[in-house]
Each structure stands twice: as structure tokens, then as C-alpha cells.
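**Q** Residues per chain, in single letters:
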Amino acid sequence: MPEETPATGLTRRELLLTGAAGVAIATIVSPASASDDAVELIERLTGKTPTESDRLHLAMPRTFPNGYTVPLTLEIDSPMTESDHVRHVRVLAPRNPLIEVATFHFVPQRSQPRVSTRIRLAEPQYVLAVAEMNDGTLLMTKTWVEVATNGCA
Amino acid sequence: MFTPMPRIQMPSTAMKGEVFQVKALIGHQMETGLRHDSEGNVIPRKIITKFVCRYNDVDVFVVDLREAVAANPYFEFYLRATESGRLEFIWEEDGGGVYSLAHQLMVA
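These protein sequences, in sequence, are chains A and B.
With the first letter of the first sequence counted as 1, position 117 gets the number 117 in the working numbering; the numbers rise by one all the way through.
With the first letter of the second sequence counted as 1, position 77 gets the number 230 in the working numbering; the numbers rise by one all the way through.
Simulated from the structure, these hints should not be mistaken for lab results.
Be a bit skeptical, because a hint or two may be false.
Dumping the calculated DSSO-like pairs for lysine-lysine here, alpha-carbon to alpha-carbon at most 30 Å [stated by the list, open to error]:
1. A:Lys142 <-> B:Lys199
2. A:Lys142 <-> A:Lys48
3. A:Lys142 <-> B:Lys176
4. B:Lys176 <-> B:Lys203
5. B:Lys169 <-> B:Lys203
6. B:Lys203 <-> A:Lys48
7. A:Lys142 <-> B:Lys203
Where chain B lies over chain A, by a calculated footprint (3+ residues, C-beta under 8 Å) [as the list claims (entries may be wrong)]:
8. 48-57
9. 92-98
10. 105-115
11. 135-147
All residues carry an ideal CB built from backbone N, CA and C; glycine is no exception.
Same shape as in the complex, but just chain A (with noise of 0.2 Å):
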């Protein structure tokens, strides 16, 4: 039942309803433009605008059969200290019916900032991460992901 359905579970539907630039997103996921709706998208989440950064390694394969399991690595360059460490990375399909996946907490001196798992995607898209870094900066980055058959049906 959705009694616990998050508050941060936003459909692409409500994007769509929120304004032009959600159109864009839906629209337009072109290499060109994609930077910029990511961006969009991730201050409309979080109210915050992340800087794309080389901090953050989001491996996926490019090309994957079906989109029922789809791995994807993920690591952070971080010291991980209590002075600079990674506070959580988020991971979005933004092509997704839901676009959250999952967010990944890490804690300083404890945890490495670095997790295999898999997902779905139900058609090919840019999969984005979003890590916020303990002084409360937002670090994004963002790859393609073709899947030839869809995962949230």
C-alpha cells in the first residue's frame, strides 16, 4: 500500500506539471541539452544547484539487454575524514515512471565510498548521481545507459 510513499517520490508526470523546463527534460534528452535538464531536475528535488565534477565515477554499461537488471557501480574520490567526507549519493532515472532509485549513505572513518548494485530502467537514458559532500555542496555526474527492453513494466 502507498501509505509510505516518500515525500520526495515524484513522478515524471508531476515534473511535467511543474513547468516548461520539465517539459524539456521529457522531451529533449539529447548530449547537448542533457547537462542542463540534470541540473534543472536536481534543483527541483533538492533546491540546490550541483557542480558536475570528476569526483564522481557512475559506472554502467553502455548497452544492456534488458532493463530488469542493470549494474551499476558507483565510487566517490573522497579521504572520507570527518572534515571531507561524502555524505550520501542519490540515483536518478530521470526516464523512469519513478525517477528516484536509491540513495546510498556512507559515514567518515566507517564506510568507503564506493557500492555495486543493480537497477531498472525502463527506456535508454541518462542515469544521474548526486553525491552531497559534508560542507552541504551537491556533486553530480551522469551516464548513458541504452536498454533495449523495459524494466518497469
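Start from chain A and add chain B according to the hints.
**A** Positioned in the frame of chain A, the structure of chain B alone reads:
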């Protein structure tokens, strides 16, 4: 009825300060709530919503899961061996179900 089966793979010993790998898997359909049965009724959402790894009662790795995590959620992650003790792994499901496992780690 299907009972989710959690599994953990991790070392039983480690050197102090060493980083070790943990593999966590739970057999679970991760029903999204987006599908319909043959009569057109929505199949209710039933997913694992949270995974917690606790090391001597301290949360050291936590995942918030949504519908787009694949069935049979699997995580591979890395922890630092700080002291000997107990690692507890907890999966929380929609509707209040909780599944857990514990492992001992000896740190030399």
C-alpha cells in the same frame, strides 16, 4: 507464501584498519505498485525500503531503496575494520516486515 531470504558474504577476520568487502543479497520481488494483474487491478507496492548495516550498534552503511532497485536487491560495499564485534544487517519492507542477519568479525 514467499519468505525473503537474506544472505551475506563477508570475511570472518580482518586486520585492524583494513577495508573489507561485504556482499548483501535478499530474495525479494520488489513489486513496484505500477503493475496490474490479469483483471486490471493494481498489484500493491511491496518493496524493501531500507537496508542498514550496523557495526557494533553503529550505522556504517545505509541504503534507501525505491521501486527502481532491481528484484533481489544486491549491494556490494566496503567497510573499515575498526574493532572485533558484531555486524548486523537489516532489511525493512513495506508494511513493517523486517529481515535481519548477523555476522561476527574478529579484528587482529
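**Q** If a hint holds in the structure, say so; if it doesn't, say that too.
**A** Hints, verified against the model:
With a CA separation close to 29 Å, the supplied pair Lys142 (chain A) and Lys199 (chain B) stays within the 30 Å bound. Pair hint Lys142 (chain A) plus Lys48 (chain A) holds up; C-alpha atoms about 17 Å apart against a cutoff of 30 Å. Proximity of Lys142 (chain A) to Lys176 (chain B) is assessed by CA-CA distance (about 25 Å); at most 30 Å being required, the pair is judged to hold. Restraint check: the Cα-Cα separation between Lys176 (chain B) and Lys203 (chain B) comes to about 16 Å, which is no more than 30 Å; the hinted pair holds.
About 29 Å separates the Cα atoms of Lys169 (chain B) and Lys203 (chain B), which keeps this hinted pair within 30 Å; it holds. With a C-alpha separation of about 25 Å, the suggested pairing of Lys203 (chain B) with Lys48 (chain A) holds against the 30 Å cut-off. Restraint check for Lys142 (chain A) and Lys203 (chain B): the C-alpha separation of about 24 Å stays at or below 30 Å, so the hint holds. Taking a C-beta to C-beta cut-off of 8 Å, the stretch 48-57 of chain A contributes 0 residues in contact with chain B, too few for the three needed, and the coverage statement is violated.
For a cut-off of 8 Å, the count of residues in the stretch 92-98 of chain A with a CB near a CB of chain B stands at 4, and the three-residue condition holds. Under the rule that three or more residues need a Cβ within less than 8 Å of chain B, the assignment of the stretch 105-115 of chain A holds, with 9 such residues. Figure legend: the stretch 135-147 of chain A, annotated as covered by chain B; annotation inconsistent (0 residues with Cβ-Cβ distances under 8 Å, at least 3 required).
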